[in-house]
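Let the hints inform the model, and build the full structure from the sequences given.
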Amino acid sequence: MSGEPLLEGRALHKVFGGYSAIVDVSIAVRRGSIHALIGPNGAGKTTLFNVITGVLPPTRGAVLVKGEDVTGARPDRITRLGVVRTFQSVRLFSSMTAHENVRVGRHCRSRGGFASALLRVPFRASAAEAAAHKRADELLAQVGLQGKQNVRAGDLALADQRRLEIARALASDPELLLLDEPVAGMTPVEVQESGRLLRALRDRGITILLTEHHMSLVMEISDTVSVLNFGCKIAEGTPAEVRSNRQVLEAYLGTGEVV
Amino acid sequence: MHLDPYVESVLIFTGINVVMAISLYLPVSAGLLSLGQGGFMAIGAFASAYLTTALATPFAPALLAGGALAGLVGLLVGFPALRIKGIYLIILTMGFGEIVRVLFLNLEPTGGASGLSGIAPHTTLPVVAAAAGLALAFCWQLRDSRIGWALNAVREDELAAETVGINLTRTKLSVFSLGAFIAGIGGGLYAHFTMFIDPAQFGFQRSAEIFIMVLLGGMGNFLGAALGAVVFTLLPELLRGLQDWRMTFFGTALVVMMIVRPWGLIGARR
Amino acid sequence: MLMQQLVNGILLGSTYALIAIGYTLVFGVLHLVHLAHGEVFMIGAFVGLQVVLWTGAGGPIAVVAALASCALLGVLIHLLAIKPILSRKGHFLAPMISTIGVGIVLQELATRRFGGEQHGFPSRMESVTWHFGSLTLSSVQAVILGISVVLMLALHLFVTRSRIGMAMRATAESAVISHTLGIRTDRIILLTFAIASALGGAAGVLVGMSYNAISPFMGVEMGIKGMAAMLLGGLGNIYGAMLGGLIIGIVEVFSVAYLASSYRDAFAFVIMIVVLLVRPKGIFGSVHHVEG
Chain G
5 MSGEPLLEGR ALHKVFGGYS AIVDVSIAVR RGSIHALIGP NGAGKTTLFN
55 VITGVLPPTR GAVLVKGEDV TGARPDRITR LGVVRTFQSV RLFSSMTAHE
105 NVRVGRHCRS RGGFASALLR VPFRASAAEA AAHKRADELL AQVGLQGKQN
155 VRAGDLALAD QRRLEIARAL ASDPELLLLD EPVAGMTPVE VQESGRLLRA
205 LRDRGITILL TEHHMSLVME ISDTVSVLNF GCKIAEGTPA EVRSNRQVLE
255 AYLGTGEVV
Chain Z
108 MHLDPYVESV LIFTGINVVM AISLYLPVSA GLLSLGQGGF MAIGAFASAY
158 LTTALATPFA PALLAGGALA GLVGLLVGFP ALRIKGIYLI ILTMGFGEIV
208 RVLFLNLEPT GGASGLSGIA PHTTLPVVAA AAGLALAFCW QLRDSRIGWA
258 LNAVREDELA AETVGINLTR TKLSVFSLGA FIAGIGGGLY AHFTMFIDPA
308 QFGFQRSAEI FIMVLLGGMG NFLGAALGAV VFTLLPELLR GLQDWRMTFF
358 GTALVVMMIV RPWGLIGARR
Chain P
28 MLMQQLVNGI LLGSTYALIA IGYTLVFGVL HLVHLAHGEV FMIGAFVGLQ
78 VVLWTGAGGP IAVVAALASC ALLGVLIHLL AIKPILSRKG HFLAPMISTI
128 GVGIVLQELA TRRFGGEQHG FPSRMESVTW HFGSLTLSSV QAVILGISVV
178 LMLALHLFVT RSRIGMAMRA TAESAVISHT LGIRTDRIIL LTFAIASALG
228 GAAGVLVGMS YNAISPFMGV EMGIKGMAAM LLGGLGNIYG AMLGGLIIGI
278 VEVFSVAYLA SSYRDAFAFV IMIVVLLVRP KGIFGSVHHV EG
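Residue numbers (the numbering used here), protein chains in the order written: chain G, 5 to 263; chain Z, 108 to 377; chain P, 28 to 319.
Errors might be hidden in some of the hints.
[To be verified] Here are the simulated DSS-like pairs of lysine-lysine, each with C-alpha atoms no more than 30 Å apart in a straight line: (1) G:K152 / G:K138; (2) P:K308 / P:K110; (3) Z:K192 / P:K110; (4) P:K308 / Z:K192.
[Said to hold, decoys possible] Just so you have them, the derived chain G footprint on chain Z, three or more residues with Cβ under 8 Å: (5) 173-186; (6) 241-249; (7) 269-281.
Just so you know, these hints were derived from the structure itself, not from any lab.
Glycine is no exception: its CB is placed at the ideal position from the N, C-alpha and C atoms.
Structure follows, in structure tokens:
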């Protein structure tokens, strides 16, 4: 683990009209860790994600990936640098099969446009294509979707869709995964499985930044927890530190489970 | 094999329409709806016809040059297409088609409003069949290719497409330009078959016809577009009474289709 | 000289304005770009022509005939080709595509009935020319201008002073909310179509009178110019449509006077493209955004 953070957000502000969604938020994600971002609804977690991944440009501040300034870069450039995200509302390509979704996930690590499409030998996959095909199936198996390769993505159950989104994200060999509420809507059993998956990914060297409301999962698997409230970062530290932080407790009073 | 000349001409028109339908299908498959393919067709038609008549260029290079010019213009038109969506894009391409028409109305070298006549009949059935076949084969090749998936992804969800690393600008520009190129080729084939072209033949009605063809076949896959072209060309031939009322029929069919089944004959199956 | 061109531009622009108002009214209540509106305009012109030929009456009567018949036509189009689609959950562009079909049908029907060439439009009016200093205005032009102004004024009064007119504006803001407030949105939409199409038809007669020539194909070009005016003024905004139409009319006339006359038609389209690129909302851009 190197000293330099894999992802860094410096003094980020995002203002919509008159509304400040995030105010002076700095965050540093260490390589090889699972870093959680929590906060009540409306705290600015998804906005922060959007700013980091280039969906929205920040009003002020900078985003750095592996030391490189990517503030305001489009999402595809961020992905090419090894930072891939999933979405709170799951954005799959619903008319494509699970397998195809994962194949398209590999887009930035492969080459070829119209010319190479024209020159392909039909009905016979090249060596590279066969390898990519195999890899896609492996990724699907990794997230627990073996046997569902040819199911239309739109027809999958929600938990499977979330897993597929992760598999698709993994297809580009990312160094950092940004997961926006990855277990929302899942049953306790599914949550446990996801937790195992995330830890397995971390153990394989993939860094993870996730937002979640599911507190027990967050406390269980995270190395670092950052807390947002009303767009500001109010606390940061290990799960134990954050759990006993007074401001955090106040922010969550009345909003549900704090383990 | 000697075909009745009338039958042959119908087949040639069918082939040209297949090419035109594919030229629209490609950008549509990335979510880019154009009602301006007539403009690109005009560019290809006039450019290639000018080359063969005034500059005695051989057919093949002239055809390709016409297509290339159309493709280049498609690149220019594609830039605004990056920033505007849906209805706005349709209106933009309509405006583009009209601008092209006015341009050619005033362009002396290509005859202005009187058009260009005496074009050599280079377009034969084998030529058209080859062109249409090539276009279809290309679409087939796209299906399981990296760029083919990218086009689908862009159509389905641009944000998700960017998230998997697809460069929207490059993808949209290249497919739009490619569609324009193919439309230009179609125009060149058309010009060298009808032997006379004038700006009025490539106006909004033409763009609407091409649009109808693709819609008829369902915007779902390239075979549908081709089938739509075939139905559009052949139906009036087969149903004699339809001849004179062709556009009324298809216009009404369009309305009915939108009411009954907005996804065309073949459906949204990819 | 400049003043004369300005007057001519306003004259031309007011007809564009009438067409643009039609587009914008329909867009306001249904978020629909009514691509058959140009053909409604064209039908209005032919209705006016027939009335003039049959009865020997003058321009204003023709306008009234066009107003009435196109109002009816607009209602028919909505009931047959648009409303059935709105109630189904299809592609969001389906209604617009349907109007493309309607336009095609109308154009071919007109071509069948009247042939594809241009028809003269006899004005049946004493042609008088007035001079105000360096300005010349013919009686035909005066009538056209007068009718345009009257129509626009009537519309303005209608939407600002009458209850139904205000209901129309409410429906344009939000059909859902208006409905819950008890406004019969169905009827309002029909009324909107009627008014929009009526104005378009009137514009057809006015254009026929000023150019003394109409053809079944005039709907396409004028239609797109009307759309350009609508976009320039801002989607859904009536006054924007008026202003947009005037601007385009003036630009066209000036382009003929001071630049290359043969490219005059292209200016409207170029303006439209520039608007789409630079400020798609238009001058009085409304909040309504059409997401692609």
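How the hints compare with the structure:
no. : hint            : verdict
1   : G:K152 / G:K138 : 14 Å, holds
2   : P:K308 / P:K110 : 26 Å, holds
3   : Z:K192 / P:K110 : 24 Å, holds
4   : P:K308 / Z:K192 : 13 Å, holds
5   : 173-186         : violated (count 0)
6   : 241-249         : holds (count 4)
7   : 269-281         : holds (count 8)
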